[in-house]
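These are the residues of each chain, in order.
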Amino acid sequence: MMRLRWRMLLPMVQVVLVAIPAAAQTPFVMQNIGQRVETDDARMVARGFGMTVTDSLHPGFKNLASLSSLRHVAIAFTVYGEKTENTSLDADRELYRTFTPEIRVGLPVIKNRLALTAGFSVFRSSHYDTEKDAAWTVWDDEVTGVEQYSREGSLFNVPLGVALRLPLGFSVSGATNIVGGTLTEATANWYFEPSSGRNFIYQPSSRKDEERYSGTSYTLGGIWSPGKGRLRVGASWSPAHDIDVERTVELQGVAQRGRTEYVMHMPEEYRAGAQLRLFGRWTVGGDARYQDFREFTGLVTSERNWDSNMDQEYEYTVGLERTRANERRRGWSNLPLRMSVAYRRWGYAIGGAPIDQRTMSVGTGFPFGHDLGQLDLALSWGKIGELAKNGYESDVWRLTVSVIGLEKWW
Amino acid sequence: MTRTTVILTALMVCALVFAGLLAGCTSDLPNELGHDLGIITMDTVLAPLSMETITQFSALDVTDPEVPYGSLQTLYLGTQGGNTSSMLVNFDFGDVFSDEFPEELFTSENIQTVNFSLTMLDFYGNKRFTTSDGDTLEVIEPVGIHYWISVLDAPFDTTSTAPVAIPPHGLAIFQDQEGNRGKEPLLPLDKNLFLQWVASGEIIGFLIEAGPGSDPGLVGYAARELTFYSQLEAIGAGTVVAPDFVVNFVSEEVNYQMPPMADISTFHELRTAPTDPVDGMMFRTGLRSYLALLFDLSDLPANSYINRAALRVMSEPDSSFGTLTTLQISEMDSLDFTNPATSMTVDELDRALEPTATLSSVDPYQVEIIEFNVTDYVQRRINNVYTGRRGLAITADEAFFGANFGVPPDFYFNVFRLFGTNAPDSLLPQLRITYSLVDEVNGGTP
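Protein sequences, first through last, are from chains A and B.
According to the working numbering, the first sequence is numbered sequentially starting from 1.
According to the working numbering, the second sequence is numbered sequentially starting from 1.
One thing to keep in mind: the hints can contain errors.
EDC-like mimics (lysine to aspartate or glutamate), calculated; alpha carbons at most 20 Å apart, straight line [unchecked claim]:
| no. | chain 1 | residue 1 | chain 2 | residue 2 |
| --- | --- | --- | --- | --- |
| 1 | A | Lys132 | B | Glu32 |
| 2 | A | Lys83 | B | Glu32 |
| 3 | B | Lys191 | B | Glu32 |
| 4 | A | Lys389 | B | Asp347 |
| 5 | A | Lys83 | A | Asp371 |
| 6 | A | Lys208 | B | Asp439 |
| 7 | A | Lys132 | B | Asp36 |
Derived from the structure by calculation, the hints contain no laboratory data.
Using the sequences and the hints, build the whole thing.
Here it is as structure tokens:
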């Protein structure tokens with residue numbers, strides 16, 4: 001059966017690998033520390049809550065305390081395909097991309113009591129490029145060409161954690177997150193005319209800045225599931241931490257490179273969530289997250305005077321789930337149904353105004369044989385920013401697919 | 001429907017949705033949307049900077065030991081640009097007779113005419129149409145020459161390795177009074193004189209000059225060493241293209257052609273190359289005279305990116321002359337050239353140069369601005385690629401560059417007179433640099 005499961009995954013993986021359009025996000029990632037990446041699995045995206053998961057057959061990794069209920073080795077990954085329609089006052093641009101933000105593994109040490117976890121999780125990402133016609137005058141030449149700009153990179157965690165079930169319905173977790181990543185910003189001027197045959201008279205000039213991040217953060221989490229678990233609450237806290245940054249500034253063709261080091265101070269992060277089983281198969285819940293990026297400090301240069309643009313980053317999601325059933329001959333009605341709405345305030349402003357993101361999601365899931373895993377889908381539509389306030393606006397369509405496989409390795 | 005079928009169906013639906021959403025979809029190319037949100041910038045873009053201070057200069061006197069002066073393929077006659085040359089030709093009259101042309105044939109009765117023959121290089125014998133001021137056609141007629149021929153008091157010294165003074169000689173035995181614009185002039189001589197020379201059986205030297213009334217101009221002719229027949233108009237098989245005597249017999253259908261045993265250009269007046277750039281600069285082929293110079297780049301901001309660097313020298317078309325010329329700019333270690341002049345062989349030049357850029361078909365009569373792309377050179381200096389300091393050398397397209405499949409640089413006598421550092425601003429030799437800069441690049445170590 002295990003072999004069959006992985007064989008079934010192949011078509012999806014192939015589609016993901018083949019369909020790799022230009023990876024790009026929205027123009028909002030052109031500044032500051034980039035966009036927070038949604039690492040929630042498709043089930044959490046669709047139903048809007050994930051901090052309170054205690055399901056041993058469908059574990060979650062958003063709150064590592066969830067893993068205390070593990071009975072099997074769990075391997076989970078999430079991919080999403082995204083279409084964004086971006087608008088500014090002057091131009092439109094439609095973009096497609098695929099992304100794999102997270103891969104996680106959970107290992108039960110003592111079944112339903114103690115588990116270890118590791119993985120890879122991208123939590124900040126920037127990927128966008130632009131090109132604009134430009135003209136210069138030098139000597140007696142009227143030079144025409146383009147200015148290009150690109151920003152690409154990510155910050156990721158390698159979380160190494162432990163989850164423990166305690167009496168009275170409490171579960172707790174602790175994780176050390178190895179933080180890494182890079183961000184490359186590049187600008188290039190191409191001078192197409194005047195030209196000599198196929199050769200440009202003026203060689204293009206390009207600048208590339210690269211930052212390499214390394215650091216460590218910690219996360220503590222907990223879930224309280226009193227009584228029979230009709231109500232569950234969960235929370236996690238990541239204290240403020242520093243990320244060391246090695247910064248290299250390179251002007252193409254010039255041997256000298258500017259190298260500097262600085263420390264990026266990341267503010268503490270709070271997460272909380274709750275869920276309440278209503279009646280029958282229906283559950284309602286929500287998650288919240290808060291990180292005050294006004295406490296963020298980083299490199300300040302004439303080009304990166306970000307401080308005045310930093311803002312409180314927070315989000316709320318609330319949703320409803322009709323959980324899966326296993327009744328014979330109920331067919332599709334056994335499938336779970338999920339829907340949610342989310343609101344996010346980005347951690348920085350664009351155009352002098354905060355960036356608001358609103359998202360609606362629906363989804364479902366399909367269990368693997370013998371309940372040893374799950375395939376979940378979520379379809380989301382969101383709107384980022386407002387043309388009138390930010391000067392930019394993006395509509396985002398996203399299909400999130402998550403797979404979790406369970407196996408008894410011992 | 002089995003459970004597995006349900007799962008497979010779901011997966012297929014999932015795959016199709018994915019395919020529909022992504023496959024075949026193409027992101028729009030980058031445009032200006034979001035451009036003003038970009039953070040980093042080039043602090044300086046396409047900034048112009050003119051460098052005009054030459055800190056080291058050398059006129060390069062280059063010789064080729066494998067092709068000594070007396071073995072050049074061309075002979076030059078006339079005056080142009082302060083250079084004047086005549087021809088010296090030695091004939092061995094002790095080696096005239098043969099089975100085909102026995103001694104008894106050389107009598108006054110048997111000889112109808114005796115001519116002295118020259119073969120002009122095709123370039124100098126044609127009307128040339130050149131444009132000036134865009135579309136105005138200017139016609140350059142072939143130079144008209146009044147040939148004078150004199151007998152030297154003694155054969156010239158064939159071991160000369162450099163231009164020579166005109167040796168002592170007698171009065172002209174031939175004076176062309178009308179001028180000759182022909183490509184293959186036949187200059188009639190007194191046959192009795194010729195018979196006297198034959199009778200003497202000696203080696204006799206002759207001087208061929210451009211006499212009074214000749215048009216100004218330095219004209220090239222085939223020498224006995226000529227191998228590039230492509231530079232001549234079509235000639236008949238067996239024709240002697242070097243200076244020669246052509247004897248036409250009364251009874252013979254075949255002319256006797258007497259080739260020289262040695263020939264040489266005198267260049268008894270040769271304008272020397274300035275050794276101080278204040279006085280101008282000169283580039284010359286034929287008798288190679290190149291130049292090397294080193295500009296002061298101290299005004300260029302450190303760690304600039306060079307979008308373009310051009311060595312610009314201004315030519316004086318009125319005092320430059322010659323054929324279309326290929327000019328080569330090369331890097332040259334400043335230790336290899338010294339103020340004010342450097343003498344070196346072609347092999348030494350080969351070892352000293354790193355070619356950078358080439359300008360083809362430069363017309364000395366037309367060109368005013370000669371501009372070499374030396375972008376990479378300046379960038380290398382900025383990057384301190386070299387342990388020493390390198391300057392620039394302007395040379396002809398020497399064979400060692402590997403791209404010249406035509407005549408060697410010692411074939412045509414081409415001269416470019418270039419304005420020096422004392423010229424008006426618009427005519428100064430200069431490095432025109434266009435650079436970009438990012439201030440933050442200077443903030444660390446390479």
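Cross-check of the supplied hints:
| no. | hint | in the structure |
| --- | --- | --- |
| 1 | A:Lys132 / B:Glu32 | 5 Å, holds |
| 2 | A:Lys83 / B:Glu32 | 19 Å, holds |
| 3 | B:Lys191 / B:Glu32 | 88 Å, violated |
| 4 | A:Lys389 / B:Asp347 | 72 Å, violated |
| 5 | A:Lys83 / A:Asp371 | 32 Å, violated |
| 6 | A:Lys208 / B:Asp439 | 13 Å, holds |
| 7 | A:Lys132 / B:Asp36 | 10 Å, holds |
The structure is inconsistent with the numbered hints 3, 4 and 5, although it conforms to all the rest.
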